[in-house]
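Engineer: Sequence:
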Amino acid sequence: MKAGQGFTILELSIVLMIIGLLAVFAYPTYVESIQRGNRNDVQAAMTQIAQRLETWKNTNHGYGGLTASMLTNANIYGSTSFPASGTALYTLALVPQDGNGDGGMDGWVLTATPIAGKRQDNNGIVVLNDQGQRCWDNNAASVCTPSATTTWATK
Numbered sequence: 001m002k003a004g005q006g007f008t009i010l011e012l013s014i015v016l017m018i019i020g021l022l023a024v025f026a027y028p029t030y031v032e033s034i035q036r037g038n039r040n041d042v043q044a045a046m047t048q049i050a051q052r053l054e055t056w057k058n059t060n061h062g063y064g065g066l067t068a069s070m071l072t073n074a075n076i077y078g079s080t081s082f083p084a085s086g087t088a089l090y091t092l093a094l095v096p097q098d099g100n101g102d103g104g105m106d107g108w109v110l111t112a113t114p115i116a117g118k119r120q121d122n123n124g125i126v127v128l129n130d131q132g133q134r135c136w137d138n139n140a141a142s143v144c145t146p147s148a149t150t151t152w153a154t155k
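Start counting the sequence shown at 1; every next residue gets the next number (the numbering used here).
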């Protein structure tokens, strides 16, 4: 560039190309980072819900009386959406379980399903059970089954 003449079209093109390349590589990483942060936040909320469910179990001498609607109880969580206020990213579901087949509720499974069209869409379902077993499958179409060997680790 000569003094007082401005930029040439070639110089502007090079600058725009560099900006475009940065956007192509940086934006997907940014989106992935935001999704990972939101997933970590829902996992933390699910862990708090699990602690409150255990307190409820101890107070009531078992899981008898546990229902899917317990999530709306303010002492448990207060909502079926995460976050509980603001723009919902996940739908939470609590499913009481009869693990030993005697007809009594002796466990539960908590799932967080991303809401379609929101930031977490297609980011996989997060699952936690009463045994502290957890799983996350980044395949948005499947629900994983928690076990002693599954984790919330990134796949």
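In case anyone wonders, no lab produced these hints; they're calculated from the structure. There may be inaccurate statements among the hints.
What the hints assert, rightly or not - Just the calculated beta-carbon pair ranges, DEER-fashion: (1) Thr-149 / Ile-18: 23 to 29 Å; (2) Tyr-27 / Thr-91: 22 to 28 Å; (3) Val-95 / Thr-59: 19 to 25 Å; (4) Tyr-27 / Gln-5: 51 to 57 Å; (5) His-61 / Arg-119: 39 to 45 Å; (6) Gly-132 / Thr-80: 20 to 26 Å; (7) Gly-64 / Thr-87: 33 to 39 Å.
The beta-carbon is built from N, C-alpha and C at its ideal position, and this holds for glycine as well.
Engineer: The structure should be examined with respect to each hint, and the outcome stated for every one.
Structural biologist: Evaluation of the provided hints:
1. Thr-149 / Ile-18: 23 to 29 Å: violated (46 Å)
2. Tyr-27 / Thr-91: 22 to 28 Å: At roughly 27 Å between Cβ atoms, Thr-91 and Tyr-27 fall inside 22 to 28 Å, so the hint holds.
3. Val-95 / Thr-59: 19 to 25 Å: holds (21 Å)
4. Tyr-27 / Gln-5: 51 to 57 Å: Between Tyr-27 and Gln-5, where Cβ atoms are some 34 Å apart, the hint is violated.
5. His-61 / Arg-119: 39 to 45 Å: holds (41 Å)
6. Gly-132 / Thr-80: 20 to 26 Å: holds (22 Å)
7. Gly-64 / Thr-87: 33 to 39 Å: Given about 36 Å between the Cβ atoms, the range holds.
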